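Visitor: Heads up: the sequence lines are chains A and B, in that order. Numbered according to numbering that gives the first Met the number 0, the first sequence spans residues 0 to 152. Numbered according to numbering that gives the first Met the number 0, the second sequence spans residues 0 to 635.
None of these hints come from the bench; they were simulated from the model. Note that the structure is a prediction, hence the values are computed from the model and not measured. Fair warning: there could be bad hints in the mix.
As the list claims (entries may be wrong) - Far from chain B, by Cβ distances over 10 Å, these chain A residues were calculated:
{"no.": "1", "residue": "18"}
{"no.": "2", "residue": "22"}
{"no.": "3", "residue": "28"}
{"no.": "4", "residue": "30"}
{"no.": "5", "residue": "34"}
{"no.": "6", "residue": "58"}
{"no.": "7", "residue": "60"}
{"no.": "8", "residue": "61"}
{"no.": "9", "residue": "77"}
{"no.": "10", "residue": "79"}
{"no.": "11", "residue": "136"}
{"no.": "12", "residue": "140"}
{"no.": "13", "residue": "141"}
To be verified - Have a look at the derived ranges for each label pair, beta carbon to beta carbon:
{"no.": "14", "chain 1": "B", "residue 1": "611", "chain 2": "A", "residue 2": "20", "range": "39 to 47 Å"}
{"no.": "15", "chain 1": "A", "residue 1": "22", "chain 2": "B", "residue 2": "432", "range": "57 to 65 Å"}
{"no.": "16", "chain 1": "B", "residue 1": "269", "chain 2": "A", "residue 2": "143", "range": "26 to 34 Å"}
{"no.": "17", "chain 1": "A", "residue 1": "57", "chain 2": "B", "residue 2": "483", "range": "56 to 64 Å"}
{"no.": "18", "chain 1": "A", "residue 1": "143", "chain 2": "B", "residue 2": "611", "range": "45 to 53 Å"}
{"no.": "19", "chain 1": "B", "residue 1": "234", "chain 2": "A", "residue 2": "135", "range": "32 to 40 Å"}
{"no.": "20", "chain 1": "A", "residue 1": "135", "chain 2": "B", "residue 2": "217", "range": "44 to 52 Å"}
{"no.": "21", "chain 1": "A", "residue 1": "138", "chain 2": "B", "residue 2": "427", "range": "54 to 62 Å"}
{"no.": "22", "chain 1": "B", "residue 1": "624", "chain 2": "A", "residue 2": "143", "range": "31 to 39 Å"}
{"no.": "23", "chain 1": "A", "residue 1": "58", "chain 2": "B", "residue 2": "578", "range": "47 to 55 Å"}
{"no.": "24", "chain 1": "B", "residue 1": "578", "chain 2": "A", "residue 2": "138", "range": "41 to 49 Å"}
{"no.": "25", "chain 1": "B", "residue 1": "438", "chain 2": "A", "residue 2": "118", "range": "57 to 65 Å"}
Virtual Cβ for every residue (Gly too), placed ideally from N, Cα, C.
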Amino acid sequence: MSEQTAAPGRPGAVRMIFEYEGDTIRLVSTQRVDVAVTGFDLPAETATPPGHYVQLRSADGVSLAQVAVRNGPTASAEVFPETAGEPIVRTDLERPRGAFTVVVPAAAGARQIAVVEVAHLPSTEGLAPQAGVATTSTDLATFDLDATEDGAS
Amino acid sequence: MTTADGTVQGTTQIFGSQPRNRAFNVVLLAEGFTAAEQPAFDTQAAAFVTAFVATAPFDELRSVINVFRVNVTSTDSGADDPAAAGGTGATARTYFDATFGGNGIRRLLLANATTALQVAAAQVPEFTVVLVVVNSTVYGGSGGSIGTYSLAGGATEIAIHEMGHTAFGLADEYPYYAGGAETGHDHHPAGEPSQPNVTLDTARATLKWGWAVRATTALPTQSNGSCAQVDSSASPVPAGTVGTFEGAHYYHCGAYRPEFDCKMRNLSVPFCAVCRAVIWNRLGPLATLTARDRTPITVVARFPEHLDVFAVGSDGRTVTDWWDRSTGWSGWSQLSGGVASPGGAGSPVTAVHRHAGHLDVFTVGTDNRIWSAWWDRSGGWSGWFRVGSLLARPGSTVTVVSRYDDQLDLFTTASDGRIMSTWWTAGGGWAQDWFHVSGGYAANGSTVTAVARYPHHLDVFAVGTDNRVWSTWWDERWGWAGWFQVGGQLARPDSAVTVVARHPDQLDLFTTAPNGAIVSTWWNSRGGWGTWFQVSGGVAAPGSPVTAIVRYTNHMDLFVIGTDNRVYSTWWHDTTGWAGWFTVSGGVGKAGGQVAAITRTAEHIDLFTVGTDAKVWSTWWDGSTGWAGWFQVAVS
């Protein structure tokens with residue numbers, strides 16, 4: 000191209016850091032960041048596979064944006080072998096605690112942040128793998144966005 | 000032992016030059032290094048970079064990787080090493096409170112993740128991954144939202160394995176939880192894992208990494224004969240074979256991994272092909288695409304606030320990028336591992352949406368066979384599969400028409416120039432194989448085009464071996480007609496005949512004459528075929544097809560690369576006729592390239608073309624604001 004202008008306005012994004020201990024999740028910080036959120040990080044249009052997600056919601060609870068949490072609350076840790084060829088193993092943690100972060104596309108009108116766990120429904124037992132899409136969604140924690148340090152909307 | 004036990008000195012970028020907002024940003028935090036020991040941390044950080052960017056596929060993705068070193072001083076050197084876990088009993092006052100002996104296991108090295116994330120966010124707000132480098136030669140590390148590793152030999156392998164989880168959502172592929180002697184891990188529970196590199200599915204048609212499996216590879220590729228224990232037998236196939244190997248995701252049976260071995264199963268081995276592809280599709284979208292110069296771009300609007308764009312990279316990779324009003328551009332990612340035929344202008348990826356939640360895409364592969372894949376809103380992308388046995392002309396275009404939701408008709412040229420077709424229906428699946436359409440042959444380089452004016456009618460066009468414009472039609476009641484010349488017009492041998500149906504009883508055709516003149520004719524049910532005429536004196540660059548879109552039944556817009564390689568447009572309106580050609584926002588494309596156009600709403604046009612820099616560029620026109628400037632299509 001012989002001429003170039005700026006791309007259309009970037010939607011913007013928000014980094015959130017959460018801390019957890021046991022079943023308690025605390026929002027530590029929100030921070031407006033100039034980071035491209037690629038398609039890799041965005042969920043499929045309808046199907047949400049099992050895992051942890053952070054959602055931005057409107058005042059009436061409608062999900063406006065959602066990203067997967069790659070390393071959400073966990074009750075185990077990986078232990079690595081010192082000698083090549085020995086197995087990597089996992090160990091259950093006596094007291095699960097830690098932190099995680101996500102970058103969510105900024106969504107106009109967002110008023111609430113939710114940490115959501117999507118899990119297979121027990122009724123999927125025995126179904127063929129491709130049929131095992133029945134899931135249940137549980138809010139692990141919700142936060143009022145207006146009460147956080149800097150808003151995301 | 001808190002942040003009072005040290006200070007953050009500052010940040011130094013030690014690798015990469017990609018803008019931070021479009022980069023994979025790795026942050027290394029110093030832990031347990033005193034002020035005097037900071038040079039040792041600098042050395043360790045440099046060593047990490049050397050190991051990291053030498054690891055496939057990061058070695059090929061260096062252009063989008065930045066690495067930052069955050070120098071943090073601690074009061075004491077090292078980390079806690081509790082005696083209860085077999086350590087020395089040493090304690091150290093350090094900034095991130097690192098300690099060996101997590102859960103009573105000495106080599107489980109933990110640090111305060113909240114502090115690490117906060118420091119990284121303050122120093123490099125755009126960070127992707129945080130690694131805490133602990134100043135101890137005791138072997139140790141751990142994963143999670145941050146990775147920790149010590150200075151013991153080989154500990155950087157921990158960091159790279161942990162990136163597989165943190166940055167790419169990869170699952171552990173090892174087939175046990177606690178080394179294999181545990182109970183309760185014989186069979187994986189029901190429910191397909193969401194991670195891309197483990198599955199419960201061994202069906203070739205639905206396997207999520209089916210695109211990477213050769214037809215000759217057995218599925219399952221390796222089964223565990225005794226689920227009470229981990230299968231310790233050797234691989235039955237050569238290293239690098241992608242298939243389904245039983246034993247993964249912490250279970251001896253019922254879950255499968257893509258290759259016999261992978262860095263997500265064992266340290267010190269390469270990532271498997273599937274994990275490498277996942278990493279590619281995480282980092283690749285951060286880069287701008289270098290496209291094949293003349294390969295057409297395809298754009299589809301499944302609904303007005305969304306675009307799906309398909310292109311081919313300079314290396315032949317079939318790629319896609321999508322735009323949504325709510326999230327912007329997603330970035331270019333490879334479409335199910337596909338590689339398109341390089342012949343002629345290069346085979347494009349063509350696409351159609353039969354409904355808003357479904358896409359079907361087609362290309363000619365490097366084997367010159369016809370390949371297809373689909374995307375569905377509920378399941379994402381399928382793998383590529385072969386459509387029939389046809390051997391196509393290298394670089395051919397597969398033209399696809401959906402006459403209604405449950406029907407696809409495909410057209411292309413065989414290696415000997417025969418014009419071929421096949422079809423798919425929801426009820427009957429794919430036809431047995433391709434058939435020769437009424438004995439027609441296409442000139443070398445000519446694309447077969449088609450339009451459905453009615454759900455039961457097709458009109459097909461091509462430039463014949465005599466370089467004349469030919470047509471045929473199919474009607475549900477009478478089948479295929481014979482080919483006939485459309486007005487005797489001579490065309491450039493590699494021309495396409497672009498056709499639009501403004502309404503069911505009207506066709507408008509556009510092509511280029513041997514001297515490059517952009518010519519048009521029309522057909523309607525009242526008057527039959529018109530005569531060919533040059534459109535407003537326009538001349539196309541050699542090889543550049545004319546693109547036409549219909550915004551209203553009485554309005555058409557044309558786009559082409561002109562002889563000066565600028566992007567030109569004109570329009571026709573029933574009351575004013577053809578306008579003069581004008582350049583679109585000063586844009587310059589590749590000689591012989593194509594301009595892809597789409598109208599998401601009647602008062603909006605989106606254009607795409609490959610620029611002189613081989614990047615994909617776009618602009619738009621809106622009825623209220625006119626033409627925008629051109630911008631590179633990348634992640635936004």
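Visitor: Each hint should be assessed against the structure and marked as holding or not.
Guide: Now the hints, each set against the structure:
no.: 1; hint: 18; verdict: violated (5 Å)
no.: 2; hint: 22; verdict: holds (17 Å)
no.: 3; hint: 28; verdict: violated (7 Å)
no.: 4; hint: 30; verdict: violated (6 Å)
no.: 5; hint: 34; verdict: violated (5 Å)
no.: 6; hint: 58; verdict: holds (17 Å)
no.: 7; hint: 60; verdict: holds (17 Å)
no.: 8; hint: 61; verdict: holds (12 Å)
no.: 9; hint: 77; verdict: violated (5 Å)
no.: 10; hint: 79; verdict: violated (5 Å)
no.: 11; hint: 136; verdict: holds (13 Å)
no.: 12; hint: 140; verdict: holds (15 Å)
no.: 13; hint: 141; verdict: holds (20 Å)
no.: 14; hint: B:611 / A:20: 39 to 47 Å; verdict: violated (56 Å)
no.: 15; hint: A:22 / B:432: 57 to 65 Å; verdict: holds (59 Å)
no.: 16; hint: B:269 / A:143: 26 to 34 Å; verdict: violated (47 Å)
no.: 17; hint: A:57 / B:483: 56 to 64 Å; verdict: holds (59 Å)
no.: 18; hint: A:143 / B:611: 45 to 53 Å; verdict: holds (51 Å)
no.: 19; hint: B:234 / A:135: 32 to 40 Å; verdict: holds (38 Å)
no.: 20; hint: A:135 / B:217: 44 to 52 Å; verdict: violated (36 Å)
no.: 21; hint: A:138 / B:427: 54 to 62 Å; verdict: violated (45 Å)
no.: 22; hint: B:624 / A:143: 31 to 39 Å; verdict: holds (37 Å)
no.: 23; hint: A:58 / B:578: 47 to 55 Å; verdict: holds (48 Å)
no.: 24; hint: B:578 / A:138: 41 to 49 Å; verdict: violated (57 Å)
no.: 25; hint: B:438 / A:118: 57 to 65 Å; verdict: holds (59 Å)
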